[in-house]
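Colleague: From first to last, the protein sequence lines stand for chains B and L. Just add 2 to the spot in the first sequence (first one is 1) and you have the working numbering. Just add 1472 to the spot in the second sequence (first one is 1) and you have the working numbering.
Treat the hints loosely; a few may be bogus.
Just the calculated beta-carbon pair ranges, DEER-fashion [what the hints assert, rightly or not]:
1. Trp1590(L) to Trp312(B): 50 to 58 angstroms
2. Arg137(B) to Pro1487(L): 45 to 53 angstroms
3. Asp350(B) to Thr1614(L): 32 to 40 angstroms
4. Arg1510(L) to Leu349(B): 35 to 43 angstroms
5. Val1596(L) to Glu77(B): 34 to 42 angstroms
6. Thr1614(L) to Thr245(B): 57 to 65 angstroms
7. Gln1549(L) to Gln251(B): 50 to 58 angstroms
8. Ile220(B) to Arg1508(L): 42 to 50 angstroms
9. Glu1541(L) to Gly242(B): 44 to 52 angstroms
10. Thr1614(L) to Trp312(B): 29 to 37 angstroms
Think about it this way: if two alpha-carbon atoms lie no more than 20 angstroms apart in a straight line, the pair counts; the simulated SDA-like pairs of lysine to any residue are [what the hints assert, rightly or not]:
11. Lys72(B) to Ala1526(L)
12. Lys1662(L) to Ile1647(L)
13. Lys367(B) to Ser1507(L)
14. Lys367(B) to Ala1526(L)
15. Lys367(B) to Leu1505(L)
Calculated from the model, a selection of chain B residues having no Cβ within reach of chain L, i.e. all distances over 10 angstroms [stated by the list, open to error]:
16. Met3
17. Pro115
18. Phe267
19. Asp332
20. Ser334
Derived from the structure by calculation, the hints contain no laboratory data. The beta carbon of each residue, even a glycine, is placed where N, CA and C say it ideally should be.
Each chain, letter by letter, is given below.
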Amino acid sequence: MHFAAPLPLASGALLRDYTLAYETYGTLNAARSNAVLVCHALNASHHVAGTYAGREKSEGWWDNLVGPGKPLDTERFFVIGVNNPGSCFGSTGPTSPNPDPGVPGRAYGSDFPVVTVEDWVDAQARLVDGLGIERLAAVIGGSLGGMQGLAWSLRFPERLRLCVAVATAPNLSAQNIAFNEVARRAIVTDPDFHGGHYAEHGVVPKRGLTVARMIGHITYLSDDSMEAKFGRDLQRSALGYSTQEIEFQIEAYLRHQGDKFSEYFDANTYLLITRALDYFDPAREFGGDLAATFARARARFQLVSFTTDWRFAPVRSREIVKALVDNRRDVSYAEIDAPHGHDAFLLDDPRYHGVMRACFANLAKEIA
Amino acid sequence: MSDRKDIELIAELVPPGSRVLDLGCGNGELLALLSRERGCSGYGIEIADANVLACHERGVNVIQLNLEEGLALFEDQSFDVVLQLDTLQHLRNTEKMLRETARVGRIGIVSFPNFAHWPNRLHVALGRMPVTRVLPYEWYDTPNIRVGTYADFEILARKDGLAILDAFGIQAGRIVRTLPNLLASVAVFKFERT
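Model the full assembly from the supplied sequences, consistent with the hints where possible.
Modeller: Take a look at the structure:
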C-alpha cells in the first residue's frame, strides 16, 4: 500500500512517499471486527503464513501458528502481515530510492531515517486505516514484534481488544544492547560498507553481516539446546590443528546461518532494526515507571515467555505482567518450560500453542 | 482438588464485586464462578502447565508462577480477597505464604485438609498414616508436605497476627461449626491482618 502523506518519525524526520508491503489471510467479516495484525521481529517480513504458488519452500515465518485450523485460525480471523518501513522485504527501506532531489537516483542507504518501534506502529496504524479497520481484534508479535504489540496498546489503546506479546521485554538490557553493538560494529567496519552506500560500489558488506548474524544467532539459542544439537562434535574425524578452518560443528552451523542470512538481508536494515530495539523503552518518559506507562493501556493482554530464553528472559515478561496487574488490566501469562531459548517463540511447543489456541478461541467467541 | 460443593461454600465468603487473587487456582473453576455469580475480577496463580492451559480455555486471567518464589508481583493490600484453597499444604514455605497472603489481600481465605478429622486420628491410632478421600495419598507419595489441623492453624494465625473473621469445617459438602477439628475433613479460615 502506498502512502503519499509523509510519516512523522520520533526523530523529527519525515518519511516521505513510502510503501508498505503486506499480506492478508482469511476474510474480514462484515462488522470488520476480526482483524489480527501480526508484527515481525528482526529478520522476518509480511509473509507470515502459507506458501507462494509454485514455491514449495516459501512457508511464512509463523506458518506453524497462523493458517486454517491453526491456533490463530484464518478461518475465523482476518490476519494481516506487514513489513515495517526500514526493512528490506518490499516496504520502503534503505534499498529504496531516496526521494531527496539532491541525490537523484540514489538509494537511501544509510541516509534512511532512523525508525523506532513507535514509528512502525504509526505506519501500521495507517495500513489498518487503509484496510478500513477501526479496531483490531488483536495485535500479536514475538520478541521485537511483541514490543510493537505493547506499543500498540500504549499508542492506540482503544484500537485493539487483545495484545499478544511473546518472548519480549519492556526494553533492552545493557547486555542486549551490547550484543547489538557488536553486530553493528561488525557491519560498519567491513571494508565493503562504504559508509552505508555500498550499493553505489556494487558490493555488500557480506562479511560484517555474516558475523552480525552469527552473534545474533547465538543469543537465539539456549546453552542446552546448542549442547544437545552440536555438543563438541567435530566437523571431521580428527582435529585439524588449524585456527582458520572449521573444527567444530557449531562453527559450521553458525557460518552457514551467517552466510545464508547475508545473501538476502540488507546491512543498513540490520543497523536500523537493532537500533529500534535499543531505543524501545516506553517507560522512559515516565521516569522508568512501567506501571505508570501502562496506565493508559485498555487492551486485554496475553504474555508468554520461555524458561530458557536468556535474550528476553521470563523475568522481563514478569515486569510487564506486574505493570499490568498494578493497573488492574486483564492479563494472562504463561511461562513455558521449553528448551529452545529465544527461538522457542517460532517453534510449536504444544504447551505454547495450546495457550495460543485457547487465547484466540476466546477472542473469536468475544467478537462473534 | 476441591469438590464443586466445597468451592461453592467458599465462594460465599467472598464479598460480591471483590478484586480477588486465587493462589493455586487449579483449573480456574472458582475464579470463573466468582466472576459469573458474584461479579468478581482478578487473577489466578498456577504453576502446573495443564492447569494454566485449562484456565486459558476457561477464559480466566491466569499468571504462571511458582508460589514458593513469593508474591513480589503484587503490591500490599492490592486485592480485596486473596484465596489459597487446598494449596497451603503443598508449599514448603507455608508460613511465609500465609504472611504474603495477608500482605497482598485485605481478606485472606484458606482451606486445607484437616489432619485431625476423626478417621485420620483413627488411622494414626492404629499405627498407619491416613489414606482417605480428602487425603488420598500414601505417606511416600503425598504432595501434602505440610500436614496440619484446624486447631494448629488457629495457633499459627495468632502467632502471625491474623484476626480470624470466620472459620468452619467442611465435611461431605456441608459446613461444620460444631467440633470442626474432629468432625470435618476440610478446614476453612477467613482472616485479616491485625
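Colleague: Taking the hints in turn, state whether each one holds.
Modeller: Checked hints:
1. Trp1590(L) to Trp312(B): 50 to 58 angstroms: Since the Cβ atoms of Trp1590(L) and Trp312(B) sit about 53 angstroms apart, the hinted range of 50 to 58 angstroms holds.
2. Arg137(B) to Pro1487(L): 45 to 53 angstroms: This hint is violated: roughly 34 angstroms between Cβ atoms.
3. Asp350(B) to Thr1614(L): 32 to 40 angstroms: holds (36 angstroms)
4. Arg1510(L) to Leu349(B): 35 to 43 angstroms: holds (40 angstroms)
5. Val1596(L) to Glu77(B): 34 to 42 angstroms: violated (59 angstroms)
6. Thr1614(L) to Thr245(B): 57 to 65 angstroms: Holds, at about 58 angstroms.
7. Gln1549(L) to Gln251(B): 50 to 58 angstroms: With a Cβ separation near 56 angstroms, Gln1549(L) and Gln251(B) satisfy 50 to 58 angstroms, so the hint holds.
8. Ile220(B) to Arg1508(L): 42 to 50 angstroms: Holds - the Cβ-Cβ distance for Ile220(B) and Arg1508(L), about 48 angstroms, lies within 42 to 50 angstroms.
9. Glu1541(L) to Gly242(B): 44 to 52 angstroms: holds (48 angstroms)
10. Thr1614(L) to Trp312(B): 29 to 37 angstroms: For Trp312(B) against Thr1614(L), whose Cβ atoms are near 36 angstroms apart, the range 29 to 37 angstroms holds.
11. Lys72(B) to Ala1526(L): OK: Lys72(B) and Ala1526(L) at ~18 angstroms, within 20 angstroms.
12. Lys1662(L) to Ile1647(L): The given pair, whose Cα atoms are some 14 angstroms apart, holds under the 20 angstroms limit.
13. Lys367(B) to Ser1507(L): Holds - the C-alpha atoms of Ser1507(L) and Lys367(B) are around 17 angstroms apart, at most 20 angstroms.
14. Lys367(B) to Ala1526(L): OK: Lys367(B) and Ala1526(L) at ~17 angstroms, within 20 angstroms.
15. Lys367(B) to Leu1505(L): Distance of about 19 angstroms is within 20 angstroms: holds.
16. Met3: Its Cβ never comes within 10 angstroms of chain L, the nearest being 34 angstroms, so this holds.
17. Pro115: For Pro115(B), whose nearest Cβ neighbour in chain L is about 39 angstroms away, the distance exceeds 10 angstroms, so it holds.
18. Phe267: holds (35 angstroms)
19. Asp332: violated (6 angstroms)
20. Ser334: Incorrect as stated: the minimum Cβ-Cβ distance to chain L is 5 angstroms, not above 10 angstroms.
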